[in-house]
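Engineer: Residues per chain, in single letters:
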Amino acid sequence: MSIDLSQFIGTFLEESYEGLDIMESGLLNFDACDEETINTIFRAAHSIKGGAGTFGFTAVADFTHVVETLLDEVRGKKQVASPPLVNLLLESVDCIKALLEATQDGPEADPQLISQVQGRLEQALGNQAASSSSSPTAIEVSSILQQKSAPQLIGWDIHFSPNVDVLQSGHEPAFMLEALAESGALHVEALTDMLPTLYELEPEHLYLSWKLVLHSDCTEAYIREIFEWIEDQCELSITPAITRTINGWQIRFVPQVEILQTGNEPSLMFEALSEFGRLTICAETEKLPPLSDLCTDELYLSWNMTLESDCSREQVVDIFEWVADACELEVVALSPAAEHIVTSDSVASADNRIVTKEKIEEIDASETTSITPTKAKSSIEASSIRVDTDKIDALINRVGELVITQAMLGQLGDDLLDVVGVDNERLQKGLEQLERNTRDLQEDVMRVRMLPVSFVFNRFPRLVHDVSGSLSKKVELIISGEQTEIDKTVMEKIGDPMVHLVRNSLDHGLEEPAERIAAGKSEVGTVKLNAYHQGGFVVIDIVDDGRGLNTEKIRAKALEKSLITADQQLSEEEINALIFKAGFSTADVVSDLSGRGVGLDVVMSNIESLGGQVSVKSEQGKGSAFSIKLPLTLAILEGQLVRVHEDTYVIPLVSIVETIVVKKEAKNPIAGEHKLLHFRDEYISHLDLKKLFHLPGADSVASTDTTLVAIVENAGKKVGLVVDELYGQQQVVVKSLEVNFKRIEGLSGATILGDGSVALILDVAGLIQRGLNF
Amino acid sequence: MSTENWQQQATGAQHNSQGRQYLSFVLDTEEYGIDILRVQELRGWTPVTPVPDMPEYIKGVLNLRGAIIPVVDLRKRFGLPKRDYGPTTVVIVIKVDSGSKERIMGIIVDAVAETYTLTQDQIQPPPKIGGGVSSEFITGLVAQNDKMIVLMDIDELMNSDELAIDVPALSNVK
Numbered sequence: 001m002s003i004d005l006s007q008f009i010g011t012f013l014e015e016s017y018e019g020l021d022i023m024e025s026g027l028l029n030f031d032a033c034d035e036e037t038i039n040t041i042f043r044a045a046h047s048i049k050g051g052a053g054t055f056g057f058t059a060v061a062d063f064t065h066v067v068e069t070l071l072d073e074v075r076g077k078k079q080v081a082s083p084p085l086v087n088l089l090l091e092s093v094d095c096i097k098a099l100l101e102a103t104q105d106g107p108e109a110d111p112q113l114i115s116q117v118q119g120r121l122e123q124a125l126g127n128q129a130a131s132s133s134s135s136p137t138a139i140e141v142s143s144i145l146q147q148k149s150a151p152q153l154i155g156w157d158i159h160f161s162p163n164v165d166v167l168q169s170g171h172e173p174a175f176m177l178e179a180l181a182e183s184g185a186l187h188v189e190a191l192t193d194m195l196p197t198l199y200e201l202e203p204e205h206l207y208l209s210w211k212l213v214l215h216s217d218c219t220e221a222y223i224r225e226i227f228e229w230i231e232d233q234c235e236l237s238i239t240p241a242i243t244r245t246i247n248g249w250q251i252r253f254v255p256q257v258e259i260l261q262t263g264n265e266p267s268l269m270f271e272a273l274s275e276f277g278r279l280t281i282c283a284e285t286e287k288l289p290p291l292s293d294l295c296t297d298e299l300y301l302s303w304n305m306t307l308e309s310d311c312s313r314e315q316v317v318d319i320f321e322w323v324a325d326a327c328e329l330e331v332v333a334l335s336p337a338a339e340h341i342v343t344s345d346s347v348a349s350a351d352n353r354i355v356t357k358e359k360i361e362e363i364d365a366s367e368t369t370s371i372t373p374t375k376a377k378s379s380i381e382a383s384s385i386r387v388d389t390d391k392i393d394a395l396i397n398r399v400g401e402l403v404i405t406q407a408m409l410g411q412l413g414d415d416l417l418d419v420v421g422v423d424n425e426r427l428q429k430g431l432e433q434l435e436r437n438t439r440d441l442q443e444d445v446m447r448v449r450m451l452p453v454s455f456v457f458n459r460f461p462r463l464v465h466d467v468s469g470s471l472s473k474k475v476e477l478i479i480s481g482e483q484t485e486i487d488k489t490v491m492e493k494i495g496d497p498m499v500h501l502v503r504n505s506l507d508h509g510l511e512e513p514a515e516r517i518a519a520g521k522s523e524v525g526t527v528k529l530n531a532y533h534q535g536g537f538v539v540i541d542i543v544d545d546g547r548g549l550n551t552e553k554i555r556a557k558a559l560e561k562s563l564i565t566a567d568q569q570l571s572e573e574e575i576n577a578l579i580f581k582a583g584f585s586t587a588d589v590v591s592d593l594s595g596r597g598v599g600l601d602v603v604m605s606n607i608e609s610l611g612g613q614v615s616v617k618s619e620q621g622k623g624s625a626f627s628i629k630l631p632l633t634l635a636i637l638e639g640q641l642v643r644v645h646e647d648t649y650v651i652p653l654v655s656i657v658e659t660i661v662v663k664k665e666a667k668n669p670i671a672g673e674h675k676l677l678h679f680r681d682e683y684i685s686h687l688d689l690k691k692l693f694h695l696p697g698a699d700s701v702a703s704t705d706t707t708l709v710a711i712v713e714n715a716g717k718k719v720g721l722v723v724d725e726l727y728g729q730q731q732v733v734v735k736s737l738e739v740n741f742k743r744i745e746g747l748s749g750a751t752i753l754g755d756g757s758v759a760l761i762l763d764v765a766g767l768i769q770r771g772l773n774f
Numbered sequence: 001m002s003t004e005n006w007q008q009q010a011t012g013a014q015h016n017s018q019g020r021q022y023l024s025f026v027l028d029t030e031e032y033g034i035d036i037l038r039v040q041e042l043r044g045w046t047p048v049t050p051v052p053d054m055p056e057y058i059k060g061v062l063n064l065r066g067a068i069i070p071v072v073d074l075r076k077r078f079g080l081p082k083r084d085y086g087p088t089t090v091v092i093v094i095k096v097d098s099g100s101k102e103r104i105m106g107i108i109v110d111a112v113a114e115t116y117t118l119t120q121d122q123i124q125p126p127p128k129i130g131g132g133v134s135s136e137f138i139t140g141l142v143a144q145n146d147k148m149i150v151l152m153d154i155d156e157l158m159n160s161d162e163l164a165i166d167v168p169a170l171s172n173v174k
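Protein chains in written order, with the numbering used here: chain A, 1 to 774; chain B, 1 to 174.
It is possible that part of the hints are untrue.
Straight-line C-alpha distance at most 25 Å; calculated PhoX-like pairs for lysine-lysine [stated by the list, open to error]: (1) A:Lys622 / A:Lys664; (2) A:Lys717 / A:Lys663; (3) B:Lys101 / A:Lys742; (4) B:Lys101 / A:Lys488; (5) B:Lys147 / B:Lys128; (6) B:Lys76 / A:Lys691; (7) B:Lys147 / B:Lys76; (8) A:Lys391 / B:Lys101; (9) A:Lys488 / A:Lys742; (10) A:Lys742 / A:Lys691; (11) A:Lys690 / B:Lys76; (12) A:Lys553 / A:Lys717; (13) A:Lys581 / A:Lys561; (14) A:Lys742 / B:Lys128.
No lab work stands behind these hints: they were computed from the structure.
With the hints as extra help, turn the sequences into a complete structure.
Structural biologist: Set out below in structure tokens:
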């Protein structure tokens with residue numbers, strides 16, 4: 001009967017993460033918000049909530065529900081999408097992500113953060129409830145009610161949340177509350193959701209915030225005056241309080257201490273209540289005994305709840321039916337107005353019903369309109385299918401095998417060329433066709449793995465938004481070429497280095513607004529991300545119009561770290577390249593954004609491990625431009641096959657500058673042994689692979705008259721690799737040595753040759769590193 | 001096949017036949033046994049591609065239908081005298097549980113001998129011995145037809161020393 005839902009969880013999560021991405025990008029574009037954007041965001045939240053509910057991820061569903069409600073109000077223009085609200089929603093997106101990850105053995109979502117954000121969301125909703133009834137449109141809706149209802153109470157809704165360290169500066173919130181109470185009746189509700197566990201509680205910290213309702217005819221300024229001293233150490237919102245016209249019930253539930261022993265669980269009742277509408281729960285802890293007297297199966301709490309719902313008193317009471325004789329229960333209509341309507345004025349009550357019904361219809365209508373575009377969209381999406389990457393990898397492997405088999409047959413065909421009695425022409429033709437088809441097939445399959453680089457770029461609007469906010473810099477992010485396709489594996493690994501570079505640009509590159517204006521630039525700095533194809537590579541540029549690299553400072557720093565010597569003459573480019581050296585950081589102040597000890601050298605080594613290169617160009621005062629050059633794919637490379645001793649090795653063709661025959665005279669001895677090659681006005685060190693790999697015959701090289709040297713280059717450094725023989729060039733399928741073995745220094749992988757044997761692929765970057773230290 | 005899968009099978013086999021099946025092979029004059037469920041296939045000896053800078057017992061890597069697997073010469077691993085590879089030389093392809101993942105590896109042995117079904121009470125605990133085969137690789141000893149069979153812990157053996165998975169050299173950039 002029951003369907004095993006677990007098989008769909010993966011899909012749900014994938015879709016949810018996509019939904020969150022949609023929400024995030026939608027929220028970031030909120031400045032130019034149109035209804036479609038809000039609808040998209042709302043739909044994404046809605047489907048996450050729905051899915052989470054289905055799979056029993058209640059934490060996710062509950063949280064998303066609040067977000068969705070808030071979004072719905074934004075959609076219905078009841079709430080203004082102010083920047084703080086957008087930020088709050090962005091934070092909620094992070095929370096949902098954390099909650100989702102927690103469902104999948106991820107790290108536990110920080111409950112404090114979640115409840116804090118949820119609290120603020122609810123507060124935003126609450127504010128709306130108060131302010132919307134004061135807004136003209138809302139008054140129109142409820143004017144019929146208000147005319148007949150009890151006179152409006154005049155007063156103030158105050159939300160007061162001081163900073164945690166406010167007590168240390170000698171302020172006492174209690175005095176302020178007392179001062180408030182002098183001007184009229186004050187209803188105080190302390191919000192305890194920030195309260196940490198007992199172990200984490202710092203006695204000098206203040207974890208409470210307060211929701212106050214002041215029934216007084218004082219002015220807002222009067223209230224602000226009371227809080228004047230700690231104005232900058234708290235969040236204070238003051239809104240005119242008006243009688244709520246929302247229907248609902250104020251419930252006071254005081255269970256007996258033994259209630260738990262009869263198997264009743266109050267939290268379940270609250271859940272049932274919350275199904276009727278929005279439930280605010282406030283627990284009273286006065287009866288809580290000292291820790292030593294605490295008994296685990298006794299209940300010391302009682303609750304005050306506010307339920308905003310159209311349900312009847314009977315429905316509420318029914319929920320407490322099982323515990324009716326073990327508790328005190330008071331159910332009072334929420335506001336005097338509502339009470340008035342429900343109890344004595346049946347006409348108004350009817351009106352009220354109609355209003356709510358209209359509201360429901362309104363919601364229904366908006367729901368249907370939102371469904372239609374979804375359907376239209378899904379019909380477009382039907383042209384793509386979701387495939388497990390493992391399946392694609394298996395397919396790529398299989399095609400790789402086919403390429404090898406094809407190479408093998410080609411070799412066989414060549415061997416048969418001279419054999420008499422074989423129809424060579426037909427055989428060759430067939431083999432050529434096979435080769436062409438295999439290549440095409442391979443390219444097609446490779447393209448399956450290719451994804452637009454926007455998958456990486458998409459995270460930057462958010463990053464720039466957050467970072468520029470915390471740095472109080474104004475930044476415009478310009479993204480172009482995001483449709484450029486790149487291999488998924490490359491993409492996954494390029495994210496972190498790019499984040500590093502972009503942060504660098506924001507933190508060190510761009511100046512403060514004031515400094516920019518002084519330099520005659522626009523106050524708003526720009527960071528440009530651009531991607532494009534160049535040969536067999538994808539190039540990603542990160543360009544900012546900030547202050548650029550300070551060559552003098554870099555030079556000084558490099559001297560200080562003894563990366564260079566004082567008498568070294570360096571060109572500007574050479575100086576700029578120093579920032580990629582290990583142990584180099586010019587940041588005067590270590591900020592939490594960049595400069596935490598992980599320097600650009602890590603960025604460089606990460607990019608080089610992908611077979612890519614990174615370079616920087618800079619003009620002082622105008623900005624700097626980082627350029628990352630990456631191979632299209634890691635799965636295939638053009639290789640030069642060489643023989644070293646008895647074995648075949650592959651050198652990536654992109655790294656080879658030139659292969660030359662070197663005469664003995666061209667080798668210049670240093671200290672007798674180490675040899676430098678004179679090559680096109682450069683002296684480059686030369687690395688004997690046999691010696692490096694401890695292969696036999698290493699010494700014979702030195703005595704021969706000529707040696708074959710492949711000059712390879714990486715990151716501007718050149719080394720000559722001594723090889724015994726050059727074979728052909730061919731595309732090789734890169735296989736990892738790590739899958740069944742481990743990473744080996746000097747090798748980037750292995751490949752299978754036409755005859756089925758394994759050839760090792762040399763890691764040029766690693767070899768150069770070793771060659772220079774040799 | 002995933003690690004869990006064959007582990008399930010291993011326990012399954014144990015329950016069904018009240019014992020485990022072991023494949024035994026010969027090294028020099030000695031007979032060793034390994035859990036047969038770890039054995040993926042047997043191959044005749046073919047030359048492998050040597051990997052530079054490896055200890056002598058790691059002969060190199062070979063192409064197993066597209067996968068690159070390392071091959072270990074057990075004679076050399078255990079410090080036994082060298083013998084030329086001949087027609088009976090076998091590469092046993094085994095599945096090794098390396099903690100975070102399962103690796104496929106090959107071991108070169110003189111010859112494959114037999115399969116045995118052994119119950120737990122037939123297996124005696126390993127003695128403390130020194131030498132090439134340190135006792136941590138041995139799970140037990142079994143007497144069969146006046147011969148002693150040394151049962152080996154493949155996971156311990158194939159994750160030891162140079163065969164261990166390296167910690168990735170490049171950590172994440174933050």
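Engineer: Looking at the structure, which of the earlier hints fail to hold?
Structural biologist: 1 and 14
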